[in-house]
Amino acid sequence: MLTRLRHLTTLENLPRECIERLLDRSITMRDACAHGTRKLNLLNGRTILNLFFEPSTRTRTSFELAARRLGADVINFNISFSSTAKGEELFDTLHTLEAMHMDAIIVRHKVSGTPDELVKHAMSGVSVINAGDGDRAHPTQGLLDALTIRQHKPDFSRLIVVICGDVKHSRVARSDVHAFSTLGAKEIRLCGPAALMPEASELPACTFYDDFDKAIEGADVAITLRLQKERMASIDLPDEAAYFRAYGLDTRRLAKAAHGCLVMHPGPINRGVEIAPDVADGPQSRILEQVGNGVFVRMAVLAEMLAR
Amino acid sequence: MLTRLRHLTTLENLPRECIERLLDRSITMRDACAHGTRKLNLLNGRTILNLFFEPSTRTRTSFELAARRLGADVINFNISFSSTAKGEELFDTLHTLEAMHMDAIIVRHKVSGTPDELVKHAMSGVSVINAGDGDRAHPTQGLLDALTIRQHKPDFSRLIVVICGDVKHSRVARSDVHAFSTLGAKEIRLCGPAALMPEASELPACTFYDDFDKAIEGADVAITLRLQKERMASIDLPDEAAYFRAYGLDTRRLAKAAHGCLVMHPGPINRGVEIAPDVADGPQSRILEQVGNGVFVRMAVLAEMLAR
Amino acid sequence: MLTRLRHLTTLENLPRECIERLLDRSITMRDACAHGTRKLNLLNGRTILNLFFEPSTRTRTSFELAARRLGADVINFNISFSSTAKGEELFDTLHTLEAMHMDAIIVRHKVSGTPDELVKHAMSGVSVINAGDGDRAHPTQGLLDALTIRQHKPDFSRLIVVICGDVKHSRVARSDVHAFSTLGAKEIRLCGPAALMPEASELPACTFYDDFDKAIEGADVAITLRLQKERMASIDLPDEAAYFRAYGLDTRRLAKAAHGCLVMHPGPINRGVEIAPDVADGPQSRILEQVGNGVFVRMAVLAEMLAR
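Keeping their order, the protein sequence lines are chains A, B and C. Be aware that the first sequence starts at 1, since it is given in the working numbering, and climbs by one per residue. Be aware that the second sequence starts at 1, since it is given in the working numbering, and climbs by one per residue. Be aware that the third sequence starts at 1, since it is given in the working numbering, and climbs by one per residue.
The set of hints was computed from the structure by calculation and includes no laboratory data. Worth double-checking, as some hints may not be accurate.
[Said to hold, decoys possible] In silico DMTMM-like pairs for lysine to aspartate or glutamate, Cα to Cα no more than 25 Å straight-line: (1) C/Lys256 / C/Glu240; (2) C/Lys86 / B/Asp239; (3) C/Lys86 / B/Asp281; (4) C/Lys120 / B/Asp281; (5) C/Lys153 / C/Glu20; (6) C/Lys120 / B/Glu289; (7) B/Lys229 / B/Asp250; (8) A/Lys86 / C/Asp250; (9) B/Lys86 / A/Glu240; (10) B/Lys120 / A/Asp281; (11) B/Lys214 / B/Asp155; (12) A/Lys120 / C/Asp281; (13) A/Lys229 / B/Glu88; (14) C/Lys86 / B/Glu289; (15) C/Lys120 / B/Asp278; (16) B/Lys86 / A/Asp278; (17) B/Lys229 / C/Glu88; (18) C/Lys229 / C/Asp213; (19) A/Lys120 / C/Asp278; (20) A/Lys86 / C/Asp281; (21) B/Lys186 / B/Glu12; (22) A/Lys229 / B/Asp92; (23) B/Lys86 / A/Asp250; (24) A/Lys229 / A/Asp210; (25) B/Lys86 / A/Asp281; (26) C/Lys256 / C/Glu304; (27) A/Lys39 / B/Glu304; (28) A/Lys86 / C/Asp239.
[Stated by the list, open to error] Reference excerpt, derived from the structure (chain C facing chain A, CB under 8 Å, subset only): (29) Lys39; (30) Glu64; (31) Arg271; (32) Val291; (33) Val295.
Backbone N, C-alpha and C fix where the C-beta goes; we use that ideal spot for every residue, glycine too.
All chains should be built: construct the whole structure from the sequences, respecting the hints.
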């Protein structure tokens with residue numbers, strides 16, 4: 001019997017048993033919802049706070065839905081997104097929220113490590129959940145991606161995954177790598193233009209590619225990452241069309257992957273930039289399944305932390 | 001027995017029986033609330049999403065109240081109002097929300113026809129309710145106006161209604177005309193300066209006026225429309241005072257209407273522009289009754305679509 | 001038996017019995033929450049609206065939590081903070097909200113007296129609660145400060161309180177003075193630079209100081225006020241460091257107060273401007289207790305007004 005999770009800031013170093021328990025619990029949540037139970041009441045009377053220092057509609061809404069389906073109250077703490085909120089100012093906000101008896105704080109912040117700082121300074125029994133910090137981690141995204149893969153290809157030891165795009169700045173990619181490697185994935189390939197790739201030493205479990213045609217060969221899962229258009233200027237590619245030719249996932253490239261290769265993307269997608277419309281909407285796409293699983297994974301995480 | 005309403009994007013072509021059933025159901029809602037039942041629990045566990053691409057406090061709040069009084073959860077999806085959100089980007093948002101298992105999406109968008117586009121692209125059992133699209137339709141406003149009239153003057157076949165103001169750009173006017181004509185109104189008069197009037201061919205059930213003194217003669221209901229001040233520059237009137245002299249509803253003009261003529265306005269009102277303060281606050285004003293009926297009509301629409 | 005409170009716009013002239021009953025009720029709320037009752041259901045089915053014309057996260061969240069813990073629904077009415085909303089426009093908004101059957105409206109507005117204007121124009125049974133109007137009043141802050149003091153020093157007749165900082169522009173200071181003097185405080189000292197002090201005639205129950213070292217001598221409670229940085233330019237002090245030297249609460253000054261002097265601040269604090277970090281975080285600080293009490297006081301006020 002493992003100890004209950006108290007916080008979730010990263011998947012790095014989270015034991016395999018813990019990740020598997022969260023994935024199993026996500027399935028329990030999905031089944032409960034599928035059987036028409038609209039409210040689970042596991043977290044009745046609990047208060048969960050969304051503390052987003054970066055704008056987000058999808059992730060915030062997914063957490064809000066997850067919390068409400070468990071019967072919890074949700075407070076959206078209105079932050080001016082121009083606020084830098086760091087150091088003492090941030091910790092004073094934390095302590096104020098603790099004094100109001102919040103049960104969990106879901107935080108998104110552009111500075112990597114902020115959720116861990118909150119954990120370090122928390123004085124009460126509050127739980128901290130990272131909803132994305134800088135380039136570092138987005139653990140519930142890593143879990144929901146692992147869940148989506150497991151539903152179709154349960155044996156990770158035979159799995160070849162390719163993650164393509166702006167890996168360097170992607171917290172999704174890092175949390176995916178942590179989840180998939182802990183679950184024993186056979187091979188994790190990272191692919192992108194040199195300027196958008198992390199140091200190889202940072203992710204030693206992975207193999208690095210700059211040629212997407214080679215990276216996708218035989219892959220069971222292809223994850224394309226959203227290209228932040230404001231980063232285009234800084235990389236050695238003339239425009240979106242050139243990026244798509246080199247790193248976009250189209251049917252020609254998908255044909256080089258293993259039969260039944262899953263197509264995934266954390267969303268929102270840029271059609272014709274990192275993925276072709278017919279692939280995004282095609283039969284191998286699991287993109288909307290990822291969205292649905294996101295709610296179940298977040299229900300599982302909240303229940304794990306807060307249900308009595 | 002008519003089939004249940006699945007979506008509500010416009011009142012145009014909605015059968016009279018359906019409109020009457022919704023009005024009857026609104027009265028049931030009003031009576032239930034009046035008898036002290038604060039929560040009806042008809043929609044317990046259902047999730048309703050407000051997807052507003054134009055700022056709105058009144059309509060959004062009215063829908064939120066209606067949904068909560070039925071026991072549903074409400075999510076306000078935070079949209080940057082500068083967002084153009086159209087085409088694939090809009091449909092990707094729709095599919096994301098469907099994947100999160102929303103039961104209904106209430107949408108306001110400046111482009112006419114957007115709610116119908118959402119209906120066309122919806123893949124799941126989600127219901128779409130139009131909370132105002134461009135100049136085209138605002139069906140729950142049409143229903144609440146019909147309800148307000150019916151409470152005082154139940155026989156539409158004897159009813160003369162005048163709608164005065166910027167009819168050309170008014171989705172309220174169009175939904176009112178659809179509701180009143182379907183319910184068999186005797187005469188619907190549209191009045192306003194030529195630059196703010198629609199083509200006569202667009203609304204063949206109506207008679208057109210440019211002289212408000214003539215248009216209001218013998219009317220049973222006088223609806224004045226909010227004048228968007230930013231439109232003043234484009235019309236052939238020097239200023240607000242001149243507009244008021246020509247098209248404002250004051251006591252002198254109201255005296256030309258039928259005895260007991262109802263004064264209505266979709267709000268928020270511009271006092272001294274389209275309506276005189278003493279008329280807006282006077283004994284014939286039904287403006288606040290319209291607001292109250294708005295909640296009951298929206299409860300009826302949501303219950304019709306979502307209650308089992 | 002006193003009559004039930006219908007509105008709360010200021011503590012001025014509120015009878016001592018009423019203030020004490022609200023403080024007693026706050027303790028009842030605290031105890032109920034401490035015993036694991038997460039929802040009290042006293043206000044099930046009631047709707048409470050946050051109408052904030054000034055941005056606020058802490059106070060809005062505190063009211064929202066209080067209302068939800070009593071089982072009420074909360075609507076956040078999205079106001080553009082650039083909106084001036086005054087006169088008829090404000091009253092039309094009020095009447096619209098009344099027509100939607102709100103049970104209470106919690107209002108913050110930069111113009112002093114706005115909540116009283118709303119009370120004067122309210123047509124229905126709605127309750128109005130002032131969450132801060134201009135420089136004038138912030139009654140729930142006055143109550144929570146009184147509660148925090150009473151928990152440690154129940155005999156107000158022996159109490160010396162010093163309030164230091166920008167008293168002139170502080171609605172917190174005014175509501176504190178009203179609460180403490182009604183509860184029979186022995187001495188209330190106000191201290192700050194001349195440019196930030198009110199007219200002595202405005203607060204005749206207080207003694208005025210410009211030397212904080214003298215003002216704090218023997219004090220049982222020291223309340224420092226947040227210095228709005230944008231006001232620095234208008235006062236005769238070169239910078240924040242100089243302000244801190246003259247009016248900041250540090251350990252050296254705190255040593256001049258009575259033994260066990262309570263350190264309080266309405267938050268959010270400016271460390272090193274009006275208070276030293278080690279005092280704010282030190283053993284005599286009651287700042288986070290104030291935050292916790294804020295929720296209980298607001299529960300008590302809402303229950304007093306709305307519970308049947």
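field: Violated constraints from the hint list, given by number and in increasing order
entry: 26
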